[in-house]
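With the hints as your guide, set chains B, C, D, E and F onto chain A.
Chain residues, written in single-letter form:
Number of protein chains: 6
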Amino acid sequence: MEKWIKSLKTDTPQEGFELAITLAQKGVEYTQPSLKIRKKLRPKYSKNANSLIAASDVIAMHFQTVAAANNYWNTKAN
Amino acid sequence: MEKWIKSLKTDTPQEGFELAITLAQKGVEYTQPSLKIRKKLRPKYSKNANSLIAASDVIAMHFQTVAAANNYWNTKAN
Amino acid sequence: MEKWIKSLKTDTPQEGFELAITLAQKGVEYTQPSLKIRKKLRPKYSKNANSLIAASDVIAMHFQTVAAANNYWNTKAN
Amino acid sequence: MEKWIKSLKTDTPQEGFELAITLAQKGVEYTQPSLKIRKKLRPKYSKNANSLIAASDVIAMHFQTVAAANNYWNTKAN
Amino acid sequence: MEKWIKSLKTDTPQEGFELAITLAQKGVEYTQPSLKIRKKLRPKYSKNANSLIAASDVIAMHFQTVAAANNYWNTKAN
Amino acid sequence: MEKWIKSLKTDTPQEGFELAITLAQKGVEYTQPSLKIRKKLRPKYSKNANSLIAASDVIAMHFQTVAAANNYWNTKAN
Chain A
0 MEKWIKSLKT DTPQEGFELA ITLAQKGVEY TQPSLKIRKK LRPKYSKNAN SLIAASDVIA
60 MHFQTVAAAN NYWNTKAN
Chain B
0 MEKWIKSLKT DTPQEGFELA ITLAQKGVEY TQPSLKIRKK LRPKYSKNAN SLIAASDVIA
60 MHFQTVAAAN NYWNTKAN
Chain C
0 MEKWIKSLKT DTPQEGFELA ITLAQKGVEY TQPSLKIRKK LRPKYSKNAN SLIAASDVIA
60 MHFQTVAAAN NYWNTKAN
Chain D
0 MEKWIKSLKT DTPQEGFELA ITLAQKGVEY TQPSLKIRKK LRPKYSKNAN SLIAASDVIA
60 MHFQTVAAAN NYWNTKAN
Chain E
0 MEKWIKSLKT DTPQEGFELA ITLAQKGVEY TQPSLKIRKK LRPKYSKNAN SLIAASDVIA
60 MHFQTVAAAN NYWNTKAN
Chain F
0 MEKWIKSLKT DTPQEGFELA ITLAQKGVEY TQPSLKIRKK LRPKYSKNAN SLIAASDVIA
60 MHFQTVAAAN NYWNTKAN
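Residue numbers (numbering that gives the first Met the number 0), protein chains in the order written: chain A, 0 to 77; chain B, 0 to 77; chain C, 0 to 77; chain D, 0 to 77; chain E, 0 to 77; chain F, 0 to 77.
If we strip away everything but chain A, and leave its shape as in the complex, we get (with noise of 0.2 Å):
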């Protein structure tokens, strides 16, 4: 696969949430390669409820990394 992340760090905590969608994005992606197949389960799972749930919750356990990488990002919010 290519070369997409390079770094966990961000300037902010927005680009922090970001990234960590990519990241839970991605591990979809490793799982399911076929960008036709993602495509096609996209309308159904983006109109379920729980899907969405668990989507968000699989952000939050990434976000939990990257922002820990970032040391909170302190020292801008000091």
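Among these hints, one or two may not hold up.
Said to hold, decoys possible - Ranges between beta-carbon positions, derived for each pair:
| # | chain 1 | residue 1 | chain 2 | residue 2 | range |
| --- | --- | --- | --- | --- | --- |
| 1 | E | 3 | C | 35 | 45 to 53 Å |
| 2 | C | 14 | B | 43 | 32 to 40 Å |
| 3 | F | 0 | A | 10 | 39 to 47 Å |
| 4 | F | 11 | B | 3 | 25 to 33 Å |
| 5 | B | 43 | F | 32 | 37 to 45 Å |
| 6 | B | 36 | F | 42 | 25 to 33 Å |
| 7 | D | 33 | F | 4 | 45 to 53 Å |
| 8 | E | 36 | D | 33 | 23 to 31 Å |
No lab work stands behind these hints: they were computed from the structure.
Remember, it's a predicted structure, so these values are computed and weren't measured experimentally.
Note that CB positions come from ideal geometry on N, CA and C, so glycine has one too.
What follows is chains B, C, D, E and F alone, placed relative to chain A:
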């Protein structure tokens, strides 16, 4: 997406909890950007106990991150 | 919402566990603010083993946070 | 509720694991205080593989907390 | 129950992973002590992808604990 | 089982993510050692959005472990 978070720092645990809720919701919003669809899903999942528990789980994960970012609001507590 | 938490500090692990339960419930309450609806859901999920295990999982996550906030009640234990 | 835990400290990892099981069960007990109902649920979920895996997951979360509280029983291990 | 674990320390990450598997299995065993019932459940869940993913999740949680207990096998890795 | 992991250290976050995927797969492999059965399950779960999200969740948990083991690749990122 517009700027929706500046910092993980909050003044109190309660504000931290409310930030965790925002983070959980944002995970859903990024995955399903359509407000119309999300609104349509809400009546159903918000009356489903398992969905509510799952939502509470995502909040719990984010609250752990936010609490760590605030050093568990230690100075306030002592 | 009114003030429902002031600190993650508790005197004992047991009070910490009970705070974790409150946090898990609050995650549900913020998502479904209607007491009437929540009361209606309770008889069903509280008799469903999988729902109870899922609730216990949310409590476990919050307990981890609360325990860390209290440095695992270390001084008491030694 | 009566006093059921005094400390997260245990002498051995195995006792720590058993404490994690107690914590997982307590999460269920606080949510469904009726012993009668819990006993009624047991035959079913304890023969359901997915429920058993879910229960094992809650135990795993608590074991992580207990292990951290005991500094992973480091001095014993070395 | 007989003694089944003495320490979270392992010589290698692979042994740590195998310990995580033992811990996940023990969580099931304590919840359902009957070997007969567990053996009966195995053919079904071990052919169900979602059950296997859920089992892998429990292992992942325990592996995180074991890895931390071993300081991520840092000295070996450098 | 043959040796499949030597270290949690990786040179880059991307290699760390790929190691997390390996760890998630190994959790499944140890639970269901038959390659034949696993191959049979793949077409179905890899086209099921909820299964893919669950798989991504296991990867997220392992990635958190691997990232911590690598100190979040801090020196590379600065």
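Q) Hint by hint, which ones does the structure fall short of? A) Nothing - there is no hint that the structure violates, so all of them hold.
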